[in-house]
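Visitor: Take a look at the letters that make up each chain.
2 protein chains.
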Amino acid sequence: MSASPKGFRFATVSAGFRKEARPDLALIVSDTPATAAGVFTTNRFQAAPVVVARENLSARPVARAVVINSGQANACTGDEGMTNCRTTLDLVGKACGIPAAEVLPASTGVIGAQLHMDKWREAAPRLAAALGQNTHHDFARAIMTTDAFPKVAERELAIAGTTVRLVGMAKGAGMICPNMATMLSVVLCDAAVTPEAWQRLFLDAVDRTFNRVTVDGDTSTNDTVFGLANGASGVTVEGEDLAKLGEALTDVLARLAYMLVQDGEGATKVMRVKVSGAVDDAEAEAVARTVGHSQLVKTAMYGRDANWGRIVAAVGRSGASFKAEDVVVTLCGVELFRNGQPTDLDFDTLLREPLKGRDVTVDIELGAGTGHYELLASDLTHDYVNCNADYRS
Amino acid sequence: MSASPKGFRFATVSAGFRKEARPDLALIVSDTPATAAGVFTTNRFQAAPVVVARENLSARPVARAVVINSGQANACTGDEGMTNCRTTLDLVGKACGIPAAEVLPASTGVIGAQLHMDKWREAAPRLAAALGQNTHHDFARAIMTTDAFPKVAERELAIAGTTVRLVGMAKGAGMICPNMATMLSVVLCDAAVTPEAWQRLFLDAVDRTFNRVTVDGDTSTNDTVFGLANGASGVTVEGEDLAKLGEALTDVLARLAYMLVQDGEGATKVMRVKVSGAVDDAEAEAVARTVGHSQLVKTAMYGRDANWGRIVAAVGRSGASFKAEDVVVTLCGVELFRNGQPTDLDFDTLLREPLKGRDVTVDIELGAGTGHYELLASDLTHDYVNCNADYRS
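Listed in order, the protein sequences are those of chains D and B. With full-length UniProt numbering, letter number 34 in the first sequence gets 34, and the count goes up by one each step, no holes. With full-length UniProt numbering, letter number 390 in the second sequence gets 390, and the count goes up by one each step, no holes.
The following block holds chain D by itself, in its conformation from the complex:
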């Protein structure tokens, strides 16, 4: 296990937001102000912590701390929810000696209920006192909801002869039964980067990774990704080295994104949908999303069924432009469809073993241009329905 980036301390405590007794409040503090960036849900209903974090970052792209609670989403909670969110930042900031405006909040859990402020008041001093006693692995564990495993990715790179470290923690595309998916992630880096450069690298990395995974297409009111770079390694990254840092950042987020799909509710497969030859990237994305969201394709993958017809039908209704006879569909390296017809390969036999694995690749070549896109998607399983159809009758 590689070390965590320098200059960040972690704390987790059980505040009692959840029914079971387990850490449900997690804090990261940077010893010095860190360059900070955030990407948030595009849902029109935005949770209070999303609104507050966005405000803090747009006022000044600098942060000293990130505080995340699980168990309560503080979404659809009106003005009281906004006030409560700001109060939690005051409580945590005061306990740690940090301005509230430099604390970034995120929440995940049941929506529509107000935060238990008494529990926050009780927990904040304990949280501050615990700083340095926990690791980023503890942090990843404390933000879990229905996740089957904590999600951590680490990376080191050498810049100007010195080691720069990155670590990312995430919680899952596994939904919060009985509410909705919330994806939260924090990535930390001990390089010094200008706010403009960090923002650019961060948005680009998120776009190439988290924005290209799907479990069920539902996005939550709380989805949040934060990136903090505090300079504690003593290395300033600029000029040509920025590309190296961007590559490492993308790698960390890509590994977390893969884990999100792997741990999607009830998922048994990680389907990699690779579309090429589209008129442009946007049409390639439309094809990838139509295939990756198709209930029929997702159940076929669960059923280990080399069902080219469902893939072809999804491609055909995606709205993308192409000639039917130019499309080639390949599943796990076996060509299923070409010249408007299934190939004459015995693909049921050829694919029996490959489709038993966790990773399934669907290559779709449209023959209409150079646009391409890649999406990771989960399958649709009995356990997905079990988890989400919680009979109350």
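Think of the hints as simulated: they come from the structure by calculation, not from any bench. The structure displayed is predicted, hence computed values, not measured ones. Check before you lean on any hint, since a few could be wrong.
Which chain B residues face chain D? A few, computed with CB under 8 Å, are given here [what the hints assert, rightly or not]: (1) Val62; (2) Asp218; (3) Tyr302.
Quick list of simulated restraints, FRET-style, between CB atoms [to be verified]: (4) B:Ser321 x D:Arg54: 16 to 22 Å; (5) B:His382 x D:Thr83: 40 to 46 Å; (6) D:Asp207 x B:Gly367: 30 to 36 Å; (7) B:His382 x D:Asp359: 23 to 29 Å; (8) B:Ser321 x D:Gly357: 41 to 47 Å; (9) D:Gly97 x B:Asp346: 40 to 46 Å; (10) D:Asp348 x B:Gly239: 56 to 62 Å; (11) D:Gly333 x B:Asp31: 52 to 58 Å; (12) D:Thr42 x B:Gly161: 56 to 62 Å; (13) D:Thr370 x B:Gly78: 23 to 29 Å; (14) B:Asp204 x D:Glu20: 53 to 59 Å; (15) D:Thr83 x B:Asp346: 22 to 28 Å.
Just so it is clear, CB atoms sit at the ideal spot from N, CA and C, and this is done for glycine as well.
Starting from the known structure of chain D, fit chain B onto it as the hints suggest.
Guide: This is chain B only, laid out in the frame that chain D set:
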């Protein structure tokens, strides 16, 4: 049971396209040339019968016959599939003494395999000989695939003191395991209507009905709706009476569309998503489709779960314009969400009984304009996954 429209005869035979011995080839013949219209799948991969039927109708909007086979879709079959389709029309036309150009084909079943032409040659004379020995109920039964029940809707109306009859037959949004959904429908009318007027009434009725139902969002290579009006009642419908006929036609198709959702694979619910107050109808449609396609909403309905959060989240990611605090969500008449927050009603108790029923209404008021849209959607159930995840390993 009301009578069938005058001047149409029906025949069904077992041609052997399916594994089990049952009628799988069905024919309608009109005694006189009928004004004909068709609506077809928008999927870019179009089955041979879709291409041929479209050609026949665009050459001349008149038909004497409709022939439908189940068991083989004749989709993704290349040039040979096109030739075979035209040959089937020759065979049926010759057997019935009708020009092949006035026979409209549709097919449903396994895709990617060529039609069994020997079976068509053997069956065509038997089919012609059986004309008049079967009813429209037999027709509806012969075109079934995985449908749980045949789908028929009838309607009479008086125009100028004379009875005009309509009958519609459909097969289902239940998928053809292990391939894809195919929806086929034929509506017959014994009024005389000009091609222009019939086309307009028919497209409008399809748009208000079949285009507003969804089981899983997947559309097939073969989806087809035909409408034939043969004038055998002796009544010519024109002028103000056209609105009456249009209303009756829409009613017939609406009842069939409801049955398609009711019989969606594994479905236990028919969810009526009614969106109002959108900026325009297109945004209302986007909201209705996002909610109706949401796996989380669909599993919640299956689970009889008054889960306002999932509905709100789907509304929020639909892309429609509105203020979060203006949205009102009502489930089976019980207001769940208003002013950006859940209402304080005890909706779990209030909705326990209503959510046990088959029909569930979701009203979504956006408060942003006058746009509205209504969509019928099925739920997502264990049986859906059972039916579509056919383990081959």
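Visitor: All hints are to be evaluated individually against the structure, with a verdict given for each.
Guide: Outcome of the hint check:
The beta carbon of Val62 of chain B comes no nearer than 29 Å to any beta carbon in chain D, farther than 8 Å, and the hint placing it at the interface is violated. Residue-level restraint check for Asp218 of chain B holds (minimum Cβ-Cβ distance to chain D is 5 Å; threshold 8 Å). Checking Tyr302 of chain B against chain D: minimum C-beta separation of about 4 Å stays under 8 Å; hint holds. Evaluation of the 16 to 22 Å hint for Ser321 of chain B and Arg54 of chain D yields a pass: the beta carbon distance comes to about 19 Å.
Restraint check, His382 of chain B to Thr83 of chain D: a C-beta distance of roughly 43 Å satisfies the suggested window 40 to 46 Å. Between Asp207 of chain D and Gly367 of chain B the CB atoms are about 33 Å apart, so this pair conforms to the stated range of 30 to 36 Å. Separated by about 26 Å at the C-beta atoms, His382 of chain B and Asp359 of chain D satisfy the suggested range of 23 to 29 Å. Roughly 44 Å separates the CB atoms of Ser321 of chain B and Gly357 of chain D, a value that falls within the hinted 41 to 47 Å.
Between Gly97 of chain D and Asp346 of chain B the C-beta distance comes to about 45 Å, which sits within the given range of 40 to 46 Å. For the hinted restraint 56 to 62 Å between Asp348 of chain D and Gly239 of chain B, the CB-CB distance of approximately 59 Å keeps it satisfied. Gly333 of chain D and Asp31 of chain B have their C-beta atoms about 57 Å apart, which keeps the hinted 52 to 58 Å range intact. Range check, Thr42 of chain D to Gly161 of chain B: about 60 Å between beta-carbon atoms, so the 56 to 62 Å window is met.
Checked against the given bound of 23 to 29 Å, the beta carbons of Thr370 of chain D and Gly78 of chain B, roughly 27 Å apart, stay inside it. For the pair Asp204 of chain B and Glu20 of chain D, the supplied restraint of 53 to 59 Å holds, since their beta-carbon distance comes to about 56 Å. Taking the beta carbon of each, Thr83 of chain D and Asp346 of chain B are about 26 Å apart, inside 22 to 28 Å as hinted.
Checked against the numbered hints above, the structure violates only hint 1.
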